[in-house]
Amino acid sequence: SQQGCDPFAQTQRSKLQHRRARINQQINKEMRMRAGAENLFRATSNHKVKETVALELSYVNSNLQLLKEELEELNSSMDVYQNDSESISVPMIPLGLKETKELDLLVPLKDFISEHYGEESVLFEKEIKEFMELRQAMRTPSRNEAGLELLMEYYNQLYFLDSRFFPPTKTLGVFFHWYDSLTGVPSHQRALAFEKGSVLFNLGALHTQIGARQDRASLPGLNQAIDAFQKAAGAFNYLKENFSNAPSLDMSAASLTMLVRLMVAQVQECVFEKMTLLRAQNDFLSRLQLAQEAARVEDVYSMVHQTMSQPHVKDYVPFSWTTMVHVKSEHFKALSHYFAAIALCDCPAPSDAELLEQEKAFLQFHVTMPEGPSLNVLLQDPEERRKLGKAHLKKAIMKHEEAMRIHGLCKILRKMDILQEVLSFAHKRSLSKYSEIDHEEDFFETGEAPDVHPKTHQKPEIKSPNFSQVKVIDLFHRLGPLSVFSAKNKWYPARRVHLMRGENGFGFTLRGDSPVLIAGVIPGGCAAEAGLKEGDYIISVNGKDCKWSKHAEVVQLLKSTGKEGVDIGVITLQGSECPKPVDRKAAVMSSGSGVLKSDKENSRKSLMNSKSASTLLVWSKKSKRSKKSTFSGVPFTAVGDNEAMY
Numbered sequence: 001s002q003q004g005c006d007p008f009a010q011t012q013r014s015k016l017q018h019r020r021a022r023i024n025q026q027i028n029k030e031m032r033m034r035a036g037a038e039n040l041f042r043a044t045s046n047h048k049v050k051e052t053v054a055l056e057l058s059y060v061n062s063n064l065q066l067l068k069e070e071l072e073e074l075n076s077s078m079d080v081y082q083n084d085s086e087s088i089s090v091p092m093i094p095l096g097l098k099e100t101k102e103l104d105l106l107v108p109l110k111d112f113i114s115e116h117y118g119e120e121s122v123l124f125e126k127e128i129k130e131f132m133e134l135r136q137a138m139r140t141p142s143r144n145e146a147g148l149e150l151l152m153e154y155y156n157q158l159y160f161l162d163s164r165f166f167p168p169t170k171t172l173g174v175f176f177h178w179y180d181s182l183t184g185v186p187s188h189q190r191a192l193a194f195e196k197g198s199v200l201f202n203l204g205a206l207h208t209q210i211g212a213r214q215d216r217a218s219l220p221g222l223n224q225a226i227d228a229f230q231k232a233a234g235a236f237n238y239l240k241e242n243f244s245n246a247p248s249l250d251m252s253a254a255s256l257t258m259l260v261r262l263m264v265a266q267v268q269e270c271v272f273e274k275m276t277l278l279r280a281q282n283d284f285l286s287r288l289q290l291a292q293e294a295a296r297v298e299d300v301y302s303m304v305h306q307t308m309s310q311p312h313v314k315d316y317v318p319f320s321w322t323t324m325v326h327v328k329s330e331h332f333k334a335l336s337h338y339f340a341a342i343a344l345c346d347c348p349a350p351s352d353a354e355l356l357e358q359e360k361a362f363l364q365f366h367v368t369m370p371e372g373p374s375l376n377v378l379l380q381d382p383e384e385r386r387k388l389g390k391a392h393l394k395k396a397i398m399k400h401e402e403a404m405r406i407h408g409l410c411k412i413l414r415k416m417d418i419l420q421e422v423l424s425f426a427h428k429r430s431l432s433k434y435s436e437i438d439h440e441e442d443f444f445e446t447g448e449a450p451d452v453h454p455k456t457h458q459k460p461e462i463k464s465p466n467f468s469q470v471k472v473i474d475l476f477h478r479l480g481p482l483s484v485f486s487a488k489n490k491w492y493p494a495r496r497v498h499l500m501r502g503e504n505g506f507g508f509t510l511r512g513d514s515p516v517l518i519a520g521v522i523p524g525g526c527a528a529e530a531g532l533k534e535g536d537y538i539i540s541v542n543g544k545d546c547k548w549s550k551h552a553e554v555v556q557l558l559k560s561t562g563k564e565g566v567d568i569g570v571i572t573l574q575g576s577e578c579p580k581p582v583d584r585k586a587a588v589m590s591s592g593s594g595v596l597k598s599d600k601e602n603s604r605k606s607l608m609n610s611k612s613a614s615t616l617l618v619w620s621k622k623s624k625r626s627k628k629s630t631f632s633g634v635p636f637t638a639v640g641d642n643e644a645m646y
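Each residue of the sequence shown is one higher than the one before, starting from 1 at the first, in the working numbering.
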């Protein structure tokens with residue numbers, strides 16, 4: 001079976017989580033004190049008391065500030081996940097995994113097995129323990145392909161758990177506890193959808209950690225980082241589209257939108273790095289392309305920055321993240337102007353053959369046309385090229401300085417010397433280029449360079465999780481085929497019937513397999529005498545379990561009986577005696593608010609898996625059988641194509 005990391009080794013991550021939770025408890029305590037002090041301040045008219053309370057309030061407020069800063073610092077311990085290669089790569093933002101509490105399902109599942117399935121529950125302890133071990137391992141997945149597969153395996157297993165043990169009308173009574181990945185605030189819910197959503201979130205978070213760990217100075221590392229961030233975006237997007245009303249902030253629609261955009265921006269940054277890595281030629285066109293790629297990165301990061309600055313997200317996202325995203329948008333804007341200047345100043349004027357192509361590229365290069373001579377003249381006149389190049393460099397230097405200023409405002413980022421190094425290297429490079437092309441006799445006022453038009457040769461993809469890549473076997477398959485033996489179906493207690501074979505056989509028609517259905521009973525025949533009814537499912541023959549048996553196997557068992565007859569175990573589904581048409585609209589009951597709903601989640605596999613949230617009655621998605629199961633009015637002689645009389 002799959003294993004997580006060693007759960008006893010206090011990993012960096014769980015230490016972080018415990019510290020986060022502790023700081024949150026302190027923050028909550030301070031908030032309560034503040035609320036109490038504020039109430040007292042408002043209520044009292046005693047001047048002395050007011051002064052004391054005001055003093056206490058200022059103390060509580062500064063305490064809160066410090067605690068928030070400490071939490072901030074924790075959330076930004078990105079170094080836990082960064083790679084250890086020597087080369088300089090700008091740090092990426094990874095997410096911490098959501099932590100969960102242990103869950104003991106032994107008693108609730110055993111109770112359900114004996115009450116609902118009428119089985120000896122002690123016989124299923126092995127399966128329950130196996131499920132709980134899988135959940136335990138899933139809490140600490142390794143940061144690689146095996147860890148991703150482990151999360152997928154557990155997620156897929158939850159589909160079966162849902163179908164077997166979560167009826168549409170009630171819950172198991174157990175709570176699923178998960179902590180917010182950024183604030184450490186705990187949430188709990190009875191809905192299995194919360195468990196599913198949290199596992200899906202961790203799948204995305206694990207992808208971000210794998211992406212942040214890659215050595216992006218090499219092409220394979222870059223491609224792996226691109227793949228990881230695209231899959232992270234896919235997981236968060238899937239979560240946003242299929243689950244709603246999450247009890248924790250990290251899974252709210254606003255947070256998930258922000259995370260998807262952040263991942264897309266990180267992909268775009270990798271695409272830019274890939275271009276700089278692959279760029280063998282330093283010709284005019286490839287430098288223009290590089291400038292446009294940088295402008296595209298700036299574009300997506302400024303969109304992420306806007307998203308992070310929205311009311312519901314602003315107070316929640318770590319300040320260091322918001323700052324880093326802001327720094328990157330300024331940094332890449334500076335780079336777009338730098339590469340524009342390099343293209344103009346370091347490349348020779350075009351030959352007649354090249355002119356047309358360069359003119360065409362340059363026509364779509366700027367957001368607005370640069371002032372001055374026509375493109376034709378500009379491209380062929382080195383002095384005009386130098387002038388425009390100088391204007392681009394001036395803008396680049398301003399943006400580099402802005403990036404460094406914003407970077408300096410964040411205490412946590414100041415400690416990240418890699419980022420500091422990258423920013424100052426780029427700044428110095430632009431400055432030295434500027435002084436190289438600046439002539440003492442320049443009397444013209446350097447104009448305003450227009451911005452570079454963003455354009456990319458590789459658009460980021462949002463790659464949805466492919467759940468089918470990890471095949472799982474239903475741990476509880478011994479309960480019988482899901483088409484009948486599921487949480488949503490109810491059946492009458494199993495009956496044992498002793499059946500003799502008459503001259504004309506047993507007197508019934510059988511249909512289908514796993515389990516075999518009695519499709520018709522001949523009036524006055526042996527089966528009718530013994531009390532068998534149409535619509536009964538055969539679950540055993542002479543004590544041999546037949547829930548999973550194929551048609552031919554059951555027939556073989558029946559035929560091999562002698563004069564003493566045969567013992568047949570059957571069950572009847574409740575509600576199958578006289579199927580009524582159902583008003584589809586009435587079948588969908590109102591959904592309880594505040595519960596995580598998995599709206600479209602798993603519709604590929606089953607009817608809505610949202611349990612206590614939006615309860616669908618069992619008819620809203622008919623089972624395979626129900627199409628043909630209205631045979632109460634069919635005379636026994638009319639035998640369907642896949643039925644046989646015995």
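Worth flagging that the hints you see were computed from the coordinates, not collected in a lab. Every residue, glycine too, gets a C-beta built ideally from N, C-alpha and C. Treat the hints with caution; some may be incorrect.
What the hints assert, rightly or not - 27 Å max Cα-Cα, derived DSSO-like pairs, lysine-lysine:
hint : residue 1 : residue 2
1    : Lys-274   : Lys-411
2    : Lys-110   : Lys-547
3    : Lys-488   : Lys-559
4    : Lys-533   : Lys-110
5    : Lys-428   : Lys-471
6    : Lys-129   : Lys-29
7    : Lys-471   : Lys-314
8    : Lys-411   : Lys-428
9    : Lys-455   : Lys-129
10   : Lys-455   : Lys-29
11   : Lys-490   : Lys-455
12   : Lys-110   : Lys-129
As the list claims (entries may be wrong) - Derived DEER-like restraints, expressed as beta-carbon distance ranges:
hint : residue 1 : residue 2 : range
13   : Thr-169   : Pro-481   : 21 to 27 Å
14   : Trp-548   : Glu-503   : 30 to 36 Å
15   : Arg-405   : Lys-50    : 55 to 61 Å
16   : Glu-441   : Pro-220   : 47 to 53 Å
17   : Asp-111   : His-18    : 48 to 54 Å
For each hint, the structure was consulted:
For a cut-off of 27 Å, the pair hint linking Lys-274 to Lys-411 is broken: about 30 Å separates their Cα positions. With a C-alpha separation of about 20 Å, the suggested pair Lys-110 and Lys-547 falls inside the 27 Å cut-off, and the hint holds. As the CA atoms of Lys-488 and Lys-559 are separated by approximately 34 Å, the hinted pair breaks the 27 Å bound. The hinted pair formed by Lys-533 and Lys-110 fails the criterion: a straight-line CA distance of about 31 Å is larger than 27 Å.
Taking the CA atoms of Lys-428 and Lys-471, the gap is near 54 Å; set against the 27 Å cutoff, the hint is violated. Distance hint between Lys-129 and Lys-29 is unfulfilled; the C-alpha atoms sit about 39 Å from each other, more than 27 Å. Among the hinted pairs, Lys-471 with Lys-314 is inconsistent with the structure: their alpha-carbon atoms are about 40 Å apart, more than 27 Å. Annotation: proposed proximity of Lys-411 to Lys-428 holds, straight-line Cα distance about 23 Å (limit 27 Å).
In summary, the hint linking Lys-455 to Lys-129 is not supported, as the alpha carbons are separated by about 54 Å, beyond the 27 Å threshold. For the given pair, Lys-455 sits about 50 Å from Lys-29 by alpha-carbon distance, which is inconsistent with the 27 Å threshold. With a CA separation close to 59 Å, the supplied pair Lys-490 and Lys-455 exceeds the 27 Å bound. Annotation: proposed proximity of Lys-110 to Lys-129 holds, straight-line Cα distance about 11 Å (limit 27 Å).
For the hinted restraint 21 to 27 Å between Thr-169 and Pro-481, the CB-CB distance of approximately 22 Å keeps it satisfied. Separated by about 32 Å at the C-beta atoms, Trp-548 and Glu-503 satisfy the suggested range of 30 to 36 Å. Separation of Arg-405 from Lys-50 is about 41 Å and departs from the stated range, judged on CB atoms against 55 to 61 Å. The beta-carbon spacing between Glu-441 and Pro-220, approximately 50 Å, falls within the hinted interval of 47 to 53 Å.
Take Asp-111 and His-18: their Cβ atoms lie about 33 Å apart, and the range 48 to 54 Å is violated.
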